[in-house]
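Enquirer: Protein chains in written order, with this note's numbering: chain A, 1 to 138; chain B, 1001 to 1546.
If you're looking for bench data, these hints aren't it; they were derived computationally from the structure. Every value quoted in this text rests on a predicted model; they were computed, and no experiment measured them. One or more of the hints may lead you astray.
[What the hints assert, rightly or not] DSSO-like mimics (lysine-lysine), calculated; alpha carbons at most 27 Å apart, straight line:
| id | chain 1 | residue 1 | chain 2 | residue 2 |
| --- | --- | --- | --- | --- |
| 1 | B | Lys1189 | A | Lys70 |
| 2 | A | Lys70 | B | Lys1319 |
| 3 | B | Lys1210 | B | Lys1319 |
| 4 | B | Lys1154 | B | Lys1112 |
| 5 | A | Lys125 | B | Lys1504 |
| 6 | B | Lys1509 | B | Lys1443 |
| 7 | B | Lys1112 | A | Lys99 |
| 8 | B | Lys1194 | A | Lys125 |
| 9 | B | Lys1443 | B | Lys1370 |
| 10 | A | Lys125 | A | Lys64 |
| 11 | A | Lys70 | B | Lys1154 |
| 12 | B | Lys1509 | B | Lys1462 |
| 13 | A | Lys125 | B | Lys1154 |
| 14 | B | Lys1462 | B | Lys1440 |
| 15 | A | Lys125 | B | Lys1189 |
| 16 | B | Lys1089 | B | Lys1112 |
| 17 | A | Lys70 | B | Lys1194 |
| 18 | B | Lys1154 | A | Lys25 |
| 19 | A | Lys64 | A | Lys23 |
| 20 | B | Lys1052 | A | Lys125 |
[As the list claims (entries may be wrong)] Examples of chain B residues lying across from chain A (beta carbon under 10 Å, computed):
| id | residue |
| --- | --- |
| 21 | Ser1155 |
| 22 | Arg1265 |
| 23 | Asp1308 |
[What the hints assert, rightly or not] Facing chain A, a subset of chain B residues (Cβ under 8 Å, in silico):
| id | residue |
| --- | --- |
| 24 | Asp1151 |
| 25 | Lys1154 |
| 26 | Trp1158 |
| 27 | Arg1165 |
Virtual Cβ for every residue (Gly too), placed ideally from N, Cα, C.
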Amino acid sequence: MSCNAVQNLKEEWVEGYENFQVKIKELVEENSQRRIFVYFWGNARDDGKSWCPDCRVFDELLAKIVPAVKSPGILLRVDVGIKEDWRTPMNPFRTDELKITSIPTIVEWGTGKRLFDSDAANQSKVELFFNNTSLVNL
Amino acid sequence: MLQSLRSLRSCCSTSSVLLNFNPSSSSTKTTATNTQLNYTTTNTTMAPITPKGPNEYDFIVVGGGSGGLAASKEAARLGKKVALFDYVKPSPKGTTWGIGGTCVNVGCIPKKLMHQGALLGQALEDARHFGWEFPEEKSHNWGFMVQVISDYIKSLNWGYRVALRDSGVAYLNEFAEFIDKNTIKTFDKKGTEKTYVADTILIAVGGRPKYPNIPGAREFGVTSDDIFTLPYHPGKTLCIGASYIALETAGFLAGTGIETTVMVRSILLRGFDNQLAEMVGEHMQEHGVRFLRGWVPTSVKLIEEGKDGIAPRLLVTAKQSDGDQTWEEEFNTVVFAIGRDPCTPDLKLENAGVQLSPTTGKVITDDADKTNVGNIYCVGDTAENRPELTPVAILAGRLLARRLYAGRKTLTDYDLVPTTVFTPMEYGCIGLSEEKAIAKYGKDNIEVYHSHFQALEHALPKRDQNRCYAKLLCVKSEKERVVGLHYFGPNAGEVTQGFTMGFKFGATKEDFDELIGVHPTTARNMTELEITKSSGANPMKKGCCG
Chain A
1 MSCNAVQNLK EEWVEGYENF QVKIKELVEE NSQRRIFVYF WGNARDDGKS WCPDCRVFDE
61 LLAKIVPAVK SPGILLRVDV GIKEDWRTPM NPFRTDELKI TSIPTIVEWG TGKRLFDSDA
121 ANQSKVELFF NNTSLVNL
Chain B
1001 MLQSLRSLRS CCSTSSVLLN FNPSSSSTKT TATNTQLNYT TTNTTMAPIT PKGPNEYDFI
1061 VVGGGSGGLA ASKEAARLGK KVALFDYVKP SPKGTTWGIG GTCVNVGCIP KKLMHQGALL
1121 GQALEDARHF GWEFPEEKSH NWGFMVQVIS DYIKSLNWGY RVALRDSGVA YLNEFAEFID
1181 KNTIKTFDKK GTEKTYVADT ILIAVGGRPK YPNIPGAREF GVTSDDIFTL PYHPGKTLCI
1241 GASYIALETA GFLAGTGIET TVMVRSILLR GFDNQLAEMV GEHMQEHGVR FLRGWVPTSV
1301 KLIEEGKDGI APRLLVTAKQ SDGDQTWEEE FNTVVFAIGR DPCTPDLKLE NAGVQLSPTT
1361 GKVITDDADK TNVGNIYCVG DTAENRPELT PVAILAGRLL ARRLYAGRKT LTDYDLVPTT
1421 VFTPMEYGCI GLSEEKAIAK YGKDNIEVYH SHFQALEHAL PKRDQNRCYA KLLCVKSEKE
1481 RVVGLHYFGP NAGEVTQGFT MGFKFGATKE DFDELIGVHP TTARNMTELE ITKSSGANPM
1541 KKGCCG
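Here chain A stands alone, though its shape is the one from the complex:
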């Protein structure tokens, strides 16, 4: 994944549930004024791409949309594990409060905004997701 130096969304990576718990606490403390996006995806294979075909589609959309996002913030990629680990009902990402039921899932932390399944393959909705800064009509 290339990291455009001018990109407003800084990308970070983390692997597994325990590391995610630690990382998200850190990020929330350090970034109270900035937006935090958390993208749950499947472990990259050796060719650098996800084992999950829907995640690969989503990654392509991200590559187009993320560089253009205006608000500063973090995009945290959370690797939920290899396919066998993800497909078990006891995978902690599934059982945790967050209830991630499928990947790719992307949430904006603290806002209730979430995209997954076919919505995550829809460019217009992904754009809405990143560019909609407030759910409140003012």
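Dock chain B against the given chain A, drawing on the hints supplied.
Expert: Okay, now just chain B, sitting in the frame of chain A:
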């Protein structure tokens, strides 16, 4: 690439395939193709219509609440170019919210959730009687409940945004006012002005809570707009009003352990059945809500400002509705629930020539929801003489879009609307109150069957014994056709919804009696009412199954 992405957004219709089906017409058609920049209509039995320009629409909907969302999505589904405008002006306390209207943000949804929160508190009490053991003290965290409900509502707001993208409706967060019958001018939060034109316009802007004209009301009081996101524990609370909003609010506040008082000018739940209204009030009193009957507030004064998440201290003064006595008492929170005003003044409807009711300020419409101006319609709370209920607005919006764009003729039936008041003991009803039934059919022509009963679930905790109540109002001259159903008990919403089907088919008392009940339930009581008011017999139940 960025440029084309932007123009995709501004064109507002990016859904992939729309099916236009029109069952009542002879041609059955077809697919709509969606080009990147233009939106074409899909009715191929007519000559192709000139595509509309960027700010021109077939249908503009002003108001993104229950009625507006339903109408706009349906019209888009039928192939029209639709724009939806929603803008929430902050309450005097500064509260505002996202798309979805009153119901989703500051009405039905948070209300039912908080009511459920209160009921769960009661359930904890009952649980001990079923063998559950846990430490004595229970406490309720108001801030936690506010936060989780608020998060849930935000996910609903988001869900609506995504759904609007799916539907192809152009959603604009701009405040609209009329320039003429086809043109609106809008302002966004930065004050930027835009103009839009449409063939047809729907007004669905709902209403907002009223404040009384007394000193301090706006400065120090709150309303249902604010109570669900109050950033401090309400403390000792006074609810002013006798509406279902006042009673439901007082109900869930008291149910979460808050010291609650209700101040009422005269009767409770005006417009509802008087007997049931009094039962609701009595039950609330027995469960710790203090009622001040026959008083009106005269001022709200600040004793001490609230800060750091602590409620202020307020002094409320009041006088008797019929008398000279005055009164004052200190509270932390004062909630006004004395009625709602339609959001018509700011629309500049005079520019379009739309007629409003001189008494209520609401928009006058005919049976087809049309105003006096041929291309302007109104549904939901803003329309005159309609039940102010979400499902009514949703159906009205949807049917209107079908009448406009699918050649249908079905009108919304505004009679026989079921509803439920979600007070601590719930009250559900369909049709007429006893007063209205007697007024309409004559006292001698109405037979009232009724009964008190006990919910089985209350037997062990020994609460609300014989408190539940049901009555059917029957027209003698029409084979005892049921024109009013009233149920006071748990799960009233679910019970009422089920029996609405019977009303639809003109059920008689005999039809109800011939139903086999589900046992053990409280709904079953509707099928077993024997005692009439006219007989004078005692409607209290003795056994459980007999």
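Enquirer: Are the Cα atoms of A/Lys64 and A/Lys23 separated by 27 Å or less?
Expert: Cα-Cα ~26 Å, so holds.
Enquirer: Quick one, are B/Lys1443 and B/Lys1370 close enough, alpha carbons at most 27 Å?
Expert: Distance ~36 Å between B/Lys1443 and B/Lys1370 Cα, so the pair is violated.
Enquirer: Do the alpha carbons of A/Lys125 and B/Lys1504 lie within 27 Å of each other, as the hint requires?
Expert: 41 Å, violated
Enquirer: Regarding the pair A/Lys125 and A/Lys64, is the alpha-carbon distance no greater than 27 Å?
Expert: 13 Å, holds
Enquirer: Would the pair A/Lys125 and B/Lys1154 pass a check requiring their Cα atoms to be no farther apart than 27 Å?
Expert: 17 Å, holds
Enquirer: Is it true that the CA of A/Lys70 sits at most 27 Å from the CA of B/Lys1319?
Expert: Cα-Cα ~57 Å, so violated.
Enquirer: Between B/Lys1210 and B/Lys1319, is the straight-line Cα distance small enough, at 27 Å or below?
Expert: Judged against 27 Å, a Cα distance of about 20 Å means the pair holds.
Enquirer: For a C-alpha distance cap of 27 Å, please report whether A/Lys125 and B/Lys1189 respect it.
Expert: 23 Å, holds
Enquirer: Check the hint pairing B/Lys1189 with A/Lys70 against an upper bound of 27 Å on the C-alpha distance.
Expert: 19 Å, holds
Enquirer: Would you mind confirming whether the straight-line C-alpha gap from B/Lys1154 to A/Lys25 stays at or under 27 Å?
Expert: Roughly 22 Å separates the two Cα atoms, so the pair holds.
Enquirer: Is it true that the CA of B/Lys1052 sits at most 27 Å from the CA of A/Lys125?
Expert: 24 Å, holds
Enquirer: For A/Lys70 and B/Lys1154, compute the direct alpha-carbon distance and say whether it is at most 27 Å.
Expert: Holds - the C-alpha atoms of B/Lys1154 and A/Lys70 are around 22 Å apart, at most 27 Å.
When held up to the earlier numbered hints, the structure conflicts with 2, 5, 9, 12, 14, 22, 23 and fits the remainder.
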